[in-house]
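Each chain, written out:
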Amino acid sequence: MSQNKQSDTTESLSVSVSHALNKNFKLSFDVVLPLTGITAISGPSGSGKTSLLRLIAGLLPLANNHSNAKVIYRGQTWQDASTHLACHKRKIGYVFQQANLFTHLTVKQNLIYAQKRAVNPPLIGLLQVCELLNITQLLKQKANRLSGGEAQRVALARMLLNSPELILMDEPLAALDDEHKQVILGYLKQIYQKFKIPIYYVTHSVSEISQIADYVVQLKQGKVINHGPAHVELNPILWRQKQKVSVLQASLQESLDKWHLYKLNLYGQTIYVNNSVKLEQNLTIRIRIPARDVSLLLTNATDSSILNQVKALITFIKPCNKYGQTLVGLNLQNNDKQTHMVAEITALSVERLKLMPGMQVWAQVKSVSVE
Amino acid sequence: MVEFSNADWQAIWLTFKLAAAVTFILLIICTPLAYWLNKTKSIFKGPLIALFALPLVLPPSVLGFYFLLAFAPNTWFSQAALALGFGQLAFSFTGLLIASLIYSLPFVLQPIYNAMQSLHTGSLDAAATLGAGPLDRFFTLVIPMIKPGLFTGAVLGFAHTLGEFGVVLMIGGNIPGETQLISVQIYEYVESLEYGKAHFLSGFMLIVSFIILWLVYKLQPSRVHE
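Sequences listed follow chains A and B, in order.
Residue numbering for the first sequence follows my numbering, starting at 1 and increasing by one per position.
Residue numbering for the second sequence follows my numbering, starting at 1 and increasing by one per position.
Okay, chain A solo, but in the shape it has when bound (with noise of 0.2 Å):
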């Protein structure tokens, strides 16, 4: 973000680089990016995703002459006119999106290759970390025998053994089908809030997005288009799919065990979820409102069954296919942009209760979860 530009270098990563990769691909842009919480680089197929990873990692492969890439991590340069530091020198932990274990190894000896080689002390032992990730029966095998997601959990131990300052993962999940999908990424979840340790995740899944990303970094034809917080970036995204979504930061106010749910604080506004999924305090809770699950009252209504209801200033009405469903704009707080969430109701509807942008409603939510 533009506004962070003089912030402290030490909790930043700033890549700039102006490098055609080949006659059809240039490599073009200048960000700083946060080593906080996780990032998500997205983006369509050939934008620049993987280069821009493995430009941080130092594998990507640039022609002196023609190129003009600078890195600076923390306040240390990595990379530029005059300087390459080399990649087994920087202190990332890379998982790629194949495996990429070594064959002639078993699993063990694949781990025990990447703990000899760490520089800074360990985050996590050798049987820990094998019981995190689920791997502890494998631990005997060779490294080739291994089905998708086991090798894809395997590198993720081993990298997690050789003690990264910096995680990138390049498409992590690409090769595994959707079962194994949702449980690596329940694992990475688990990682980050384990070892604080800033993870850099290239995807081109929206609901990956949307389920980890605490920073969001848009790439087209190898240039950054967006880049900013989650909570800022994340719904324009979620807006353009088809299966429209809000995704909105709450806390927990209070748990109503009796009622077998949790009381959540909106942007000053209460909404009860569900308590199946445990929720801690103190910690920023997302949800999920999808937008066909939120209709609009011109008044506060006291004789429906549904729990959530929340009041809102209408900021844009557009129409969001040619089957007359239209899209409404709602903001849950006056003074702010950030607080925005939408309802897909039908043309009809706008049309009867007349909603222009700057009414007040109140927006019923029948289904909301925690992400």
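No lab work stands behind these hints: they were computed from the structure.
Below, a sample of chain A positions facing chain B; criterion: calculated Cβ distance under 7 Å:
(1) 57
(2) 59
(3) 87
(4) 88
(5) 98
(6) 100
(7) 102
(8) 104
(9) 114
(10) 162
With beta-carbon atoms standing in for the labels, derived distance ranges:
(11) 38/B <-> 77/A: 24 to 34 Å
(12) 133/B <-> 148/A: 23 to 33 Å
(13) 24/A <-> 209/B: 51 to 61 Å
Ideal Cβ positions, reconstructed from N, Cα and C, are used throughout, including at glycine.
With the hints as your guide, set chain B onto chain A.
What follows is chain B alone, placed relative to chain A:
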């Protein structure tokens, strides 16, 4: 019953000594060479690969002829060898060794080079991100991963040196204990019509070569899970 003469035993010992030395030295030379050839973007890569393949196509007599010229006492090559303490090259074991190294080089280089080409670069990238430097990666990953190529190269180099004849005849002559290899010894017997002795030595070569190749293919590491 014909038996091996002392000269025969000497020729057998010399032949195996030469083949073993050539194989050993070529493995040490060709592994880094193949690694470099694979990675380099130098404009000399193409010409060098062609140059190293030349012994495959040239008649041994052509190679032998040039070696003979190079090994003449007054050339810079011979002077350099003399200065380095290798002694005289022509009609000596050292000369034979040098010639054999060049003559057998493509047979060792090619399989190693091919193995390097199909090397899984993803694993090497992964190792780099884990903090393994270039030498570390070479010894812990490249060498183990190209083992089948090294094995094939070693066998071909050894077998090819065992069967060497043309070059030896041109530069080595027939000095017992110095340059008299089995192949030359057999040639001598045939020239002097001692067919019995030629039979015996030829049969020995046949059986030994067969056993070596047979063992080698039997012991070859499986390629199934590469």
